[in-house]
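Asker: Top to bottom, those sequences are chains F and R.
Going left to right, the first sequence walks through residues 1 to 307 as our numbering numbers them.
Going left to right, the second sequence walks through residues 1 to 522 as our numbering numbers them.
Hints are computed from structural coordinates only; laboratory data are not their basis.
Be careful, since some hints might not be right.
[Stated by the list, open to error] Simulated restraints on C-beta separations:
#	chain 1	residue 1	chain 2	residue 2	range
1	F	D171	R	A180	12 to 22 Å
2	R	D416	F	R8	52 to 62 Å
3	R	W177	F	D278	43 to 53 Å
4	F	A64	R	T420	46 to 56 Å
5	F	L305	R	K331	53 to 63 Å
6	R	L188	F	E146	29 to 39 Å
7	R	K331	F	N147	51 to 61 Å
8	F	D171	R	G128	49 to 59 Å
9	F	L251	R	I64	52 to 62 Å
10	F	N147	R	T437	11 to 21 Å
11	R	I167	F	P83	21 to 31 Å
12	R	E519	F	K156	49 to 59 Å
Even glycine gets a Cβ: it sits at the ideal position worked out from N, Cα and C.
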Amino acid sequence: MTSINRRRFIEGATAAAVAISWQNPLFAAPEADGEGPWDLVAVRNGGPVEMFEAGIAVLGGMKAFVKKGQNVVVKPNIAWDQPPEVPANTNPDLVAAIVRHCLQAGAAKVAVFDHTCHNWERTYKTSGIAKAVEDAGGVMAPANLENQYREAELPKAKTLAKTLIHKEMLDCDVFINVPVLKHHGGAKLSLCMKNLMGVVWDRRFFHKNGLDQCIADMCFAPKKPDLNIIDAYRILRKNGPQGRAKEDGELAQYQMLGTDMVALDAAAAKLYGMKPEDLGYVKIAGEMGAGTSDLSKVRIKRITLGA
Amino acid sequence: MKAAAYRRLRIAIGTIVLAFCALAFADIGNWVSATTARAALWPQFAPSLLGMLQGAAWISAGCIAVIALTLVFGRVYCAMLCPLGVLMDLSAWLAGRTGKKRKLPYHPGRPWLRALAVVLCAVGLLAGTAVPLALLDPFSVFGKITAATLRPAFGWINHLLASAKMIHPVDVSPVAWTSAGVALGLLLLVVVSAVFRGRLWCNTGCPVGAVLGFFSKHAWFRLRIADTACVGCSMCERVCPAQCIDFRKRVIDHSRCVMCLDCVTSCKRSGITLAHGGDHRNKEAAQEPLHASCKRPASVMTGTRRRFIASAAIIPAAALAADSRPPGTAKLTQHNKRPVLPPGAKSLAHFQSRCTACHLCVANCPDQVLRPSITQHGLSGFLQPYQDFSVAFCSYNCSNCSQICPTGAIRPITVDERRTVRTGTAELFLDRCVVKTKGTSCGACNEHCPTQAVHMVPWKNGLTIPEVDPALCIGCGGCEFICPVRPDKAIVVNGLPVHERAKTIVLGQKNTVREIEEEFPF
Numbered sequence: 001m002t003s004i005n006r007r008r009f010i011e012g013a014t015a016a017a018v019a020i021s022w023q024n025p026l027f028a029a030p031e032a033d034g035e036g037p038w039d040l041v042a043v044r045n046g047g048p049v050e051m052f053e054a055g056i057a058v059l060g061g062m063k064a065f066v067k068k069g070q071n072v073v074v075k076p077n078i079a080w081d082q083p084p085e086v087p088a089n090t091n092p093d094l095v096a097a098i099v100r101h102c103l104q105a106g107a108a109k110v111a112v113f114d115h116t117c118h119n120w121e122r123t124y125k126t127s128g129i130a131k132a133v134e135d136a137g138g139v140m141a142p143a144n145l146e147n148q149y150r151e152a153e154l155p156k157a158k159t160l161a162k163t164l165i166h167k168e169m170l171d172c173d174v175f176i177n178v179p180v181l182k183h184h185g186g187a188k189l190s191l192c193m194k195n196l197m198g199v200v201w202d203r204r205f206f207h208k209n210g211l212d213q214c215i216a217d218m219c220f221a222p223k224k225p226d227l228n229i230i231d232a233y234r235i236l237r238k239n240g241p242q243g244r245a246k247e248d249g250e251l252a253q254y255q256m257l258g259t260d261m262v263a264l265d266a267a268a269a270k271l272y273g274m275k276p277e278d279l280g281y282v283k284i285a286g287e288m289g290a291g292t293s294d295l296s297k298v299r300i301k302r303i304t305l306g307a
Numbered sequence: 001m002k003a004a005a006y007r008r009l010r011i012a013i014g015t016i017v018l019a020f021c022a023l024a025f026a027d028i029g030n031w032v033s034a035t036t037a038r039a040a041l042w043p044q045f046a047p048s049l050l051g052m053l054q055g056a057a058w059i060s061a062g063c064i065a066v067i068a069l070t071l072v073f074g075r076v077y078c079a080m081l082c083p084l085g086v087l088m089d090l091s092a093w094l095a096g097r098t099g100k101k102r103k104l105p106y107h108p109g110r111p112w113l114r115a116l117a118v119v120l121c122a123v124g125l126l127a128g129t130a131v132p133l134a135l136l137d138p139f140s141v142f143g144k145i146t147a148a149t150l151r152p153a154f155g156w157i158n159h160l161l162a163s164a165k166m167i168h169p170v171d172v173s174p175v176a177w178t179s180a181g182v183a184l185g186l187l188l189l190v191v192v193s194a195v196f197r198g199r200l201w202c203n204t205g206c207p208v209g210a211v212l213g214f215f216s217k218h219a220w221f222r223l224r225i226a227d228t229a230c231v232g233c234s235m236c237e238r239v240c241p242a243q244c245i246d247f248r249k250r251v252i253d254h255s256r257c258v259m260c261l262d263c264v265t266s267c268k269r270s271g272i273t274l275a276h277g278g279d280h281r282n283k284e285a286a287q288e289p290l291h292a293s294c295k296r297p298a299s300v301m302t303g304t305r306r307r308f309i310a311s312a313a314i315i316p317a318a319a320l321a322a323d324s325r326p327p328g329t330a331k332l333t334q335h336n337k338r339p340v341l342p343p344g345a346k347s348l349a350h351f352q353s354r355c356t357a358c359h360l361c362v363a364n365c366p367d368q369v370l371r372p373s374i375t376q377h378g379l380s381g382f383l384q385p386y387q388d389f390s391v392a393f394c395s396y397n398c399s400n401c402s403q404i405c406p407t408g409a410i411r412p413i414t415v416d417e418r419r420t421v422r423t424g425t426a427e428l429f430l431d432r433c434v435v436k437t438k439g440t441s442c443g444a445c446n447e448h449c450p451t452q453a454v455h456m457v458p459w460k461n462g463l464t465i466p467e468v469d470p471a472l473c474i475g476c477g478g479c480e481f482i483c484p485v486r487p488d489k490a491i492v493v494n495g496l497p498v499h500e501r502a503k504t505i506v507l508g509q510k511n512t513v514r515e516i517e518e519e520f521p522f
C-alpha cells in the first residue's frame, strides 16, 4: 500500500477537482457562462454601487428599463429603525445609485417608499435611505396612511384576491424592487417577493391567511417589478427581519439582478445556505408559474469583481 | 414701571405662553423638543410642585420661583404664566369685543370652596391618586383640552394638505370620545365662565389660585386705591375679572387679585397704584359683612360649584376603586389585561399619584402609542395615559415621554435605560396562534420583537412557531400590535404594576465577514 505524500495528494485533489467541475454548470467559471441574454446577473466582491454598475451594464444599462419622461418607483426594504450596518434595510448607497441611474436614463421622477414597520419618519432617516435618495435627486414618498393606497385586484392569485396597494406603485411606469437578503423568523428568508409586502396596506391579512401563499400571490399584482436587485452586500444572517445588532449582519459582498423574482429568490436562498424548495413561497410561486425556481434552467451571468 | 407698560407686557408674555402651550400640546410634527418643552414649562406651578415633592432639586423648582414672585408682586403667575388663565382672558376679551360689555360687580368670594379645592387635591395625592389635581390644575386642564381638540384638528388639516401632496402626512392617534367629551366639557366650562364671570374659576375651583392667593395676601407690592384720587366712579370694579374690588369701600382682596392691572388702566384719575404694603383696610374688609346699601345679587350658581360637589363625591370613591379588576382567573386577552404604563413610570403607585393627565406625553409620543385612559387604570387613574397596542407599539429607540413629562410621573430615562425597563410581559397562547391553528407560517410577533424575547423555534412540517423568553421581554407591545389573530390575539402584553429590569444583552458591534467562495453558490 502506497502512503499518501504531498505530491500524490495534490495530484489526486487536482484530478478530482477537474473531474467534478468538468462541464458542471454549478461550478462554471465566470468565463464559462456563455452568451447572453441573461435571466440573472450575479456580481460579487465589490461595494454595493460598484457591483450594481457592473451588473446593470450587463443588462444593457438602466436605459434598457427606463425611458425618457417615465415615472419610476424604487422600492427598497425600509421596514425597521436600524442603521445600514444592521442590514435590516436595503443599503442606502445602492438605492441612491439606482436613483441616479434612473434619472440619467431620463426618468421624470423617481419615488422611493416602503410601508415601514417602525415609525416611518424615523425609519426613513435611520436607514440612511432618505438622505441618500434626496441627495441623488429622488423623492421619498410617505406610505403611513391608508388613503395613500388603492384597492387592486389580483385575479390570478389564490388567496390574496384583492388588497390595498400603494398608489405610487400602481401608477408608476417602471417599478424597481430592491430587497435586502435577510433572515426571517416566519418566512425563513426575506427576498424579492417578500419585499412586495411593503407596498400593501394590510399586512396582517398575509399572516392570518397563509403567509407563503400570499407572498407568492404578490407575483400577480397589477404592477410587476420591471427589475429586481437583491442587495446582499450585507446579509442579515439571524434575528431577522429586524435584527438586533451589527453582529447579526454578514459582510457578504454579493448582488443579484434580474427580472424573474422566483429565480432571484432561489439563488439568494442558496447564497444564504438554504435550498430554494425550503422557502414555501418560492415553491408555491414556481408551481403557480410566476417564474423559474429551477436554477439549472436559468441563464446566469456571474461576475467576480477585482478578480 | 408704568401700569400700561406692565399690562402690555402681561399680554405679550401671556400670548407667548398660550401659543407655546398650545403648540406643545397639539404637537403633531415634533415641532417642540422634549428639552425645549421642559425648559419652557419650568414655571408651571402644579407640575413643578409634584416634581419637587419627589426630591428632584427642589431649590431649582419652578414652583419656588413662582411663590417668590408671588410674595413680591402677587399672582403674576395667574396673570400671564398660566395658559388656562390667559385662555380665559382671551375668551372674555373676544366676547367683550363681539357682544356687549359685561359688568362684573364685586363679590365677597368663596373662600371655603377654594380651600376645598386644595384639600381635595392634597387628600387625593395622599391617598395615591392625582386625579382631583388632574381635573382642577389649570395647566393640566389646558393640556387635556388642547390635546383632545386642537391636536386632532391639526391632524385633520395635515391629512387634508397631505392628500393634496402639499406636506408630509403624520400619524395622529385617534381621540377616544370620552376624553374628547371631557375636554370639550372643560373647554365649555372655562369659556362660558370666563365670558360671564371673568376669573371665577381661578378664585373658586383652582387649587393653584388658592395656594398663590394665600401668598399674594402678603405680597411686598400690592395694589392700592388712593382715597385722595378716588371719586367712586366704579370703573375699577366693573373691569376687574376677579370681582375682587369693592369700590365703595375702596378695598381690593389681594388674595383673589390676578394682577391683570386692568383696574389701573381703567382709572381715569390714576387712583390705583402698585405700592409697597398695599391697603391697610383689607383685613377688616375681608371679614366685615357687606354694607347694606350695596346689595349684591344672590350668588350666581355656576357650573363650577356643581362640578365641585360632583368631584367631591367622586374622589373618595376613586381612591378606593384603585384596581378593582378581578385577578387573572378568566383567560387573558388584549381587552381584559392590565394596561401598560409608559417606560419610566416605575410603578402604578408612583405613576397614579403623580400624573396630572396633562397629556403632554400623549401629544409628543412619536409612535402615538400613548392614549388617555378611560377605565383602563380604574377611576383613580382616570385620563392618565396608557399604551394602546391596538394602534401602535412602544419604540425601542425612544424615551421621549419620560423626557417631556413635566411632573416626573414618568421619570426621565435615557434610550439605553428604556431598553432594559420591563413595562409588561408578553404572554403567548399557542392554541390561538395561526401557525398551530392553520398550519401556515407567520412569525409576525417575532418580526416586531426588538430583543428577540419572542423567537421562532422549529415546529412541524418545516414551520417555525413562536416561543417567549420572559427575561428578555421589555413589554414594548410590538408582538401584540402585529398579531393577526382575532378576536383574541395569540400574544398579549400584560402590564406590570411595578416595572422590572430586563436582562441586558451584550451584542457584538461588528459584522461577520464572509470568505469569498471559490465558486458562486448557485
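Asker: Hint by hint, work out which the structure violates, then give me just those numbers in ascending order.
Answerer: 1, 7, 10 and 12
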